[in-house]
Amino acid sequence: MSADLFEFLCRMGDNALVLGHRVSEWCGVAPVIEEDIALANTALDLIGQATLWLNYAAEVEGKGRSADDLAMGRDVWDFRNLLLVEQPNGDFGQTIMRQFLFDAWHVDCLGALAQSNDRRIAEIAGKAVKEATYHLERSSDTVIGLGDGTDESHRRMQAALDLLWPYAGEAFAPDAVDAALLEAGIAPDPARLQATTFATYDRVLGAATLIRPDTEFAHRGGKTGARHSEHLGHLLTTMQWLQRAYPGATW
Amino acid sequence: MKPFDTKQIWAWLADVPDPEIPVISVVDLGVIRDVSQHDDGVTIGVSPTYSGCPATQVISRSIIEVLRSRGVANVDIATRLSPPWTTDWISKDGLAKLAAYGIAPPSKAGGPKACPQCGGDDLERVSQFGSTPCKAQWRCRSCLEPFDYFKCI
Numbered sequence: 001m002s003a004d005l006f007e008f009l010c011r012m013g014d015n016a017l018v019l020g021h022r023v024s025e026w027c028g029v030a031p032v033i034e035e036d037i038a039l040a041n042t043a044l045d046l047i048g049q050a051t052l053w054l055n056y057a058a059e060v061e062g063k064g065r066s067a068d069d070l071a072m073g074r075d076v077w078d079f080r081n082l083l084l085v086e087q088p089n090g091d092f093g094q095t096i097m098r099q100f101l102f103d104a105w106h107v108d109c110l111g112a113l114a115q116s117n118d119r120r121i122a123e124i125a126g127k128a129v130k131e132a133t134y135h136l137e138r139s140s141d142t143v144i145g146l147g148d149g150t151d152e153s154h155r156r157m158q159a160a161l162d163l164l165w166p167y168a169g170e171a172f173a174p175d176a177v178d179a180a181l182l183e184a185g186i187a188p189d190p191a192r193l194q195a196t197t198f199a200t201y202d203r204v205l206g207a208a209t210l211i212r213p214d215t216e217f218a219h220r221g222g223k224t225g226a227r228h229s230e231h232l233g234h235l236l237t238t239m240q241w242l243q244r245a246y247p248g249a250t251w
Numbered sequence: 001m002k003p004f005d006t007k008q009i010w011a012w013l014a015d016v017p018d019p020e021i022p023v024i025s026v027v028d029l030g031v032i033r034d035v036s037q038h039d040d041g042v043t044i045g046v047s048p049t050y051s052g053c054p055a056t057q058v059i060s061r062s063i064i065e066v067l068r069s070r071g072v073a074n075v076d077i078a079t080r081l082s083p084p085w086t087t088d089w090i091s092k093d094g095l096a097k098l099a100a101y102g103i104a105p106p107s108k109a110g111g112p113k114a115c116p117q118c119g120g121d122d123l124e125r126v127s128q129f130g131s132t133p134c135k136a137q138w139r140c141r142s143c144l145e146p147f148d149y150f151k152c153i
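Sequence order for the protein chains is A and B. Taking the numbering used here, the leading residue of the first sequence gets 1, the next gets one more, and so forth. Taking the numbering used here, the leading residue of the second sequence gets 1, the next gets one more, and so forth.
Hints listed in this document are in silico derivations from the structure and should not be mistaken for laboratory results. Treat the hints with care, since some could be wrong.
As the list claims (entries may be wrong) - Residues on chain B that point at chain A, a partial pick, calculated with CB under 8 Å:
#1 Ser-51
#2 Gly-52
#3 Cys-53
#4 Leu-81
#5 Ser-82
#6 Pro-84
#7 Val-126
#8 Ser-127
#9 Phe-129
#10 Gly-130
#11 Pro-133
#12 Gln-137
#13 Ile-153
Said to hold, decoys possible - Here are some, though not all, of the chain A residues that point toward chain B, as calculated from beta-carbon distances under 10 Å:
#14 Ala-16
#15 Glu-34
#16 Ile-37
#17 Leu-39
#18 Gln-49
#19 Thr-51
#20 Ala-122
#21 Thr-133
#22 Asp-141
To be verified - List time: in silico DSBU-like cross-link candidates among lysine-lysine, alpha-carbon distance up to 30 Å:
#23 B/Lys-151 - A/Lys-130
#24 A/Lys-130 - B/Lys-92
#25 A/Lys-130 - B/Lys-113
#26 B/Lys-97 - B/Lys-113
#27 B/Lys-151 - B/Lys-97
#28 B/Lys-108 - B/Lys-151
#29 B/Lys-97 - B/Lys-7
#30 B/Lys-113 - B/Lys-151
#31 B/Lys-92 - B/Lys-7
#32 B/Lys-108 - B/Lys-97
#33 B/Lys-113 - B/Lys-92
#34 B/Lys-108 - A/Lys-130
#35 B/Lys-97 - A/Lys-130
#36 B/Lys-151 - B/Lys-92
#37 B/Lys-92 - B/Lys-108
In this text, a Cβ means the ideal position worked out from N, Cα and C, and glycines have one as well.
Taking the hints into account, I'd like the entire structure generated from these sequences.
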């Protein structure tokens, strides 16, 4: 069980860490200052959540590694984040669409985890879901504003949805780790979250006058670590550079 | 043996300012959850406002510093995630101090009740986020001034 639990905690932590890093790449270069601040704040919440999950992962693993060691010392094949969150920022619309597809799932997942039998998981999820709910409110509003906006913003949002949709389904595909945690009452069945999350997708995308691609095809391999996209390695070279060059450096 | 009066420790904590909003103390902010004493020293239970808020670490350091200056040598900070911090825990005093400082206090309605500058109620949201994780940006259409709103969570 502890191996499965470690795996699961890395999945939660890596989603927050990788998306947090991606979103932080906008800091200082967003289209307007309000969005710059909003993106940086979202990144900060996610990196805070990553710290909570990875601290627990490190304790469960019991090999003397810290949350920092996990974040800065693992290579691509040891990361367990969804493929969605490692996808590049693209334009602002693509960043917001990625955020929305993630937030809608994240809120449902954290809401279920807040009822976990594992007290520590329930506590972290109970804290994080408040932040995720706020993120979803903003990403939904922005998807609607841009989707139902000008011809140009609509075209870009539809293009972002068409590009990212095949990465949305991975979150709902269960595997042996999910089955073990479901059995223990620790985590929900990912497939059971799909109906609620898809209802959010349809409500918001409908209001945004965007059309959800009519396919269930989903790229997989992020949450198992079997096959990350080429983008994660590039992200890690930036994120982990300092600890790779100066291992253990503190300040 | 309890070498310190717990009430006294709470009073000392009321002198620890929030690093981002120095007009309110960490006690006003509602992040101090419990104070307990044991043979090795004192444990202060602290709830983070937001998971990634950098002020959380500064708050912990300030608590240790202030209590040490009062002669409490061994201070332990214990993070209390559950129940999660809510703006409901900001004291009445704290709410009044926020407003006087120019930050509209949190409101269940989901937005500020009045402009902290002119008291006007014709308000618009500029951004859901602001200069710190706990705030959003609003603007008053009467006096045209932007202001911070303390997000209600």
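Hint check results:
1. Ser-51: 3 Å, holds
2. Gly-52: 2 Å, holds
3. Cys-53: Where the cut-off is 8 Å and the nearest Cβ of chain A is about 7 Å from B/Cys-53, the hint holds.
4. Leu-81: Holds - the Cβ of B/Leu-81 comes within 8 Å of chain A, reaching about 4 Å at its closest.
5. Ser-82: B/Ser-82 check passes; min Cβ-Cβ to chain A is 4 Å, inside 8 Å.
6. Pro-84: Holds, because the Cβ-Cβ distance from B/Pro-84 to chain A comes to roughly 4 Å (cut-off 8 Å).
7. Val-126: 6 Å, holds
8. Ser-127: Cβ of B/Ser-127 sits 4 Å from chain A, so the hint holds.
9. Phe-129: 4 Å, holds
10. Gly-130: Constraint on B/Gly-130 satisfied, holds at 7 Å.
11. Pro-133: 5 Å, holds
12. Gln-137: At 6 Å from the nearest chain A Cβ, B/Gln-137 passes the 8 Å test, so the hint holds.
13. Ile-153: At about 5 Å, which falls below the 8 Å cut-off, the nearest Cβ of chain A leaves the hint on B/Ile-153 intact, so it holds.
14. Ala-16: 9 Å, holds
15. Glu-34: Result: holds, 4 Å to nearest chain B Cβ.
16. Ile-37: Holds: closest Cβ of chain B sits about 5 Å from A/Ile-37, inside 10 Å.
17. Leu-39: 8 Å, holds
18. Gln-49: 5 Å, holds
19. Thr-51: 7 Å, holds
20. Ala-122: 7 Å, holds
21. Thr-133: It holds, given that the least Cβ distance between A/Thr-133 and chain B is near 9 Å, below 10 Å.
22. Asp-141: For A/Asp-141, the interface hint holds, since the closest Cβ of chain B sits about 8 Å away, which is under 10 Å.
23. B/Lys-151 - A/Lys-130: 12 Å, holds
24. A/Lys-130 - B/Lys-92: Between A/Lys-130 and B/Lys-92 the Cα gap is close to 23 Å, so the pair holds against 30 Å.
25. A/Lys-130 - B/Lys-113: 22 Å, holds
26. B/Lys-97 - B/Lys-113: 16 Å, holds
27. B/Lys-151 - B/Lys-97: With Cα atoms ~16 Å apart, B/Lys-151 and B/Lys-97 stay inside 30 Å; holds.
28. B/Lys-108 - B/Lys-151: 10 Å, holds
29. B/Lys-97 - B/Lys-7: Distance of about 23 Å is within 30 Å: holds.
30. B/Lys-113 - B/Lys-151: 12 Å, holds
31. B/Lys-92 - B/Lys-7: 19 Å, holds
32. B/Lys-108 - B/Lys-97: 18 Å, holds
33. B/Lys-113 - B/Lys-92: 16 Å, holds
34. B/Lys-108 - A/Lys-130: The given pair, whose Cα atoms are some 15 Å apart, holds under the 30 Å limit.
35. B/Lys-97 - A/Lys-130: Since the Cα atoms of B/Lys-97 and A/Lys-130 sit roughly 25 Å apart, the hinted pair holds (cutoff 30 Å).
36. B/Lys-151 - B/Lys-92: 16 Å, holds
37. B/Lys-92 - B/Lys-108: Since the Cα atoms of B/Lys-92 and B/Lys-108 sit roughly 15 Å apart, the hinted pair holds (cutoff 30 Å).
When the structure is compared with the earlier hints, no violation turns up for any of them.
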